[in-house]
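Could you build the full structure based on these sequences and the hints that come with them?
Protein chains in written order, with my numbering: chain W, 1 to 295; chain R, 1001 to 1450.
If you are wondering where the hints come from, they were derived from the structure by calculation, not from laboratory data. All residues carry an ideal CB built from backbone N, CA and C; glycine is no exception. Be careful, since some hints might not be right.
[Claimed, not checked] Here are some of the chain R residues that sit facing chain W, going by a computed Cβ distance under 10 Å: (1) Arg1176; (2) Phe1179; (3) Gly1183; (4) Arg1273; (5) Ala1311; (6) Asn1312; (7) Gln1348.
[To be verified] Among chain R residues calculated to face chain W with C-beta under 8 Å, some are: (8) Lys1177; (9) Ile1178; (10) Thr1260; (11) Pro1261; (12) Glu1265; (13) Gly1272; (14) Ser1275; (15) Val1283; (16) Gly1295; (17) Asn1296; (18) Phe1298; (19) Asp1304.
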Amino acid sequence: MQRTEGWVIPSERVQYLEVPLSSFEILLIKITAGFYFGAFVLLLGDLLFSRVKHGSLVGVTAGVGGVLVHTLALFIHFTSMGHIALATLREAISFFSWSLVISFLYLEHQRKGSVLGLLIFPVSFGGLLFVLGSGVKAGPVKEGAGSLLVMLHSILIDLGLASATIAFFLSILYILLETLLRRKIFNTLFNRLPSLEFLDRLNREFNGLGFLFLTLGLVFVIIWSYGTSGTLWPWGQRGSWAFLVWFLYLGIVLLRLKKGFQGRQAAYLSIVGFLLFVVTILAVNLFVGGGHSVL
Amino acid sequence: MLRMTLAGVNHKKTPIEIREKLAYPKDHLNQVIRNLSAQEGVLECLVLSTCNRVEIITITTGNNPDPVFFLDFLKTTHPALSQINIAPYLYHLTGEEAVRHFFEVTASLDSMVVGEPQITGQVKEAYERAKSLGHTGLFLNQLFQRAISASKRVRTETAISHLPVSISYAACQLARKIFQTMGDKNVLLLGGGDMAQLTARHMKKMAVRSLTLMTRDASKGMALAREYEAIYRSFDEIEDCLSESDMIVCSTGAENYIVTPELAEHALAKRGRRSMFLIDIAVPRNIDPAVGRIGNVFLYNVDDLKAVVEANQKEREFEAHAAGVIIQEEIHSFARWQENRSSVPLIQALRKHTETIRQAEMERFQGTLATLPPEAREKIEIMTKSLLNKILHPAFQTIRHSPGSEELCEWTMKCYGLPESALDTPTEDTPRDRSADSAPIPFLKGESPA
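Here's what the structure looks like:
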């Protein structure tokens, strides 16, 4: 047992975290991927060819179907692991894909903006392809993977990345619509996009949410680090990158709140923030390595 | 056999010079409908006369009236037309094509501005007129109901009516692309021209937070402000007004730029760089085009708005293809109704024939029956009727399930000894009931016009 007794899953239960997916889990992930791809194709078809008012409903329904199967797959995986397992890149990406689609469905419920689905479903589909491609390798136990604090950290960082991704997509849509408005191109895409104000407001909200998740995620991992090694700054380059991203998001939030940054400027900031987030994660996981594998 | 025929001229083939001569004045329409219904074989009729089309619909027995019938009718009702050859402009449709055309007209798919809502009201008016004169029957009633239903479906299931095709609506459409809601937006109208007034009306409908009017002529400005429940402010306050306004519509008669880049930049800074939407519908323009290059400022002139309208027109035409599927579904639904109606005359004839036999038999035994108590006579009456119904029930079911089957009709008539004339006998004299009980218009069976 580690020092944070009571917050740690017994070590024998997390001996081999990166176990291969069961055939049933693989089947569920394949079905989910099919749903997500179908949702993308249907939404694209609706945008390009359909002129029926609620044509996007079929695509959105496919997304709902996908997310239900995906939820079942995650539940089965977590049950088989005995805890919420997001310690490996495969698990984290699966959860990230799920979070993206959930966010899209929430936004779709708020206001019909199916164009966002055209960006989200391919990413979620790609994420699941990665999951399927890496689903047969077994790996060693990762430090702290069974700790409740690390689990919370992983969930929050995953949700933070999902929020940053949504904010990134909203920024792209903002710049796209603003360009169409400035160049006076009034085509089908123009008609399907929501208002600039709506996109800007959502961008602000998702960036704020992303910052909140990122902050809490880092707080939890600091507590865990202090509990296990007695230090607040144990990860070297990994920690430096993480705090760089955190400071950048703090900057975005402050520029928005204090300097009144909005519109195109805010969209650019959001894109930079997201890219740095992704670069950090890739750099940390692929090159830096470290004590635990946390997305 | 009933047949539907539609003939007329519209904006697609006929120039305005001819159309304006063919359009019936409203106060002549009743007489025109009476004249039409007086023509041989016409059971029901409807005349639609608008600035873009004159169309005549007839429901007749026997063969479809040919184009000459309609040409003659148009010439008779427009004596001044005798010198003009209108034959090249006239279209003549029968059966399914006529139904399709009527549905498309009602759903505004055949209009000059596709999706414009007025035509549906004009069709309703034409129908009500014919109905009030007693020249519609079950067929036209059903056709009209289904045309209205198709029109509603087209409006609700496609985006055809959501794409503005007028300059002032186009401005509102652009506003919705910039602002999420107009309920918290301040709108400033510079100038009191017709366009500004039209925009003011739309803005009131969009329930903006405040409407401010600014004109050089204070008395006119104040009068307009009262009319549109707006706030009047003088031109001296333009700097403050600009920074407070989210949307500015400019249509003054000034020959120089009223809103300059410096003024716009200052206003934008003062309002925390929140987006500003400016529309310059004045000619010559009142807003310096350089204003449109400032970040978070969106400037459109009258040509830009025309481009929105043109794009929407194209989109509407594209939407019309989707609407075609709805029209096709409604045509099939109407055809099914027609087929179901086709079994009615045979069932009625069969029922009448067997009832006659029953009554004759009751008559034959009248002497014997007279000796029985009234209760017993009544029971025998009920029993014979019930017996007849039970025997005929399977036959009626078979007829209902095979609508329009000529073979079955022939077999039934032969089997029950029905005379040839049995199907021709109308139950009542009015055109409405005659068409209700007659055979359908077999427009899905490729009936050709006479």
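Now for the hints, and whether the structure bears them out:
no. : hint    : verdict
1   : Arg1176 : holds, 6 Å
2   : Phe1179 : holds, 5 Å
3   : Gly1183 : violated, 12 Å
4   : Arg1273 : holds, 6 Å
5   : Ala1311 : holds, 4 Å
6   : Asn1312 : holds, 7 Å
7   : Gln1348 : violated, 42 Å
8   : Lys1177 : holds, 6 Å
9   : Ile1178 : holds, 5 Å
10  : Thr1260 : violated, 20 Å
11  : Pro1261 : violated, 16 Å
12  : Glu1265 : violated, 15 Å
13  : Gly1272 : holds, 4 Å
14  : Ser1275 : holds, 6 Å
15  : Val1283 : violated, 18 Å
16  : Gly1295 : holds, 6 Å
17  : Asn1296 : holds, 5 Å
18  : Phe1298 : holds, 6 Å
19  : Asp1304 : holds, 5 Å
Hint compliance for this structure: hints 3, 7, 10, 11, 12 and 15 are broken, all remaining hints hold.
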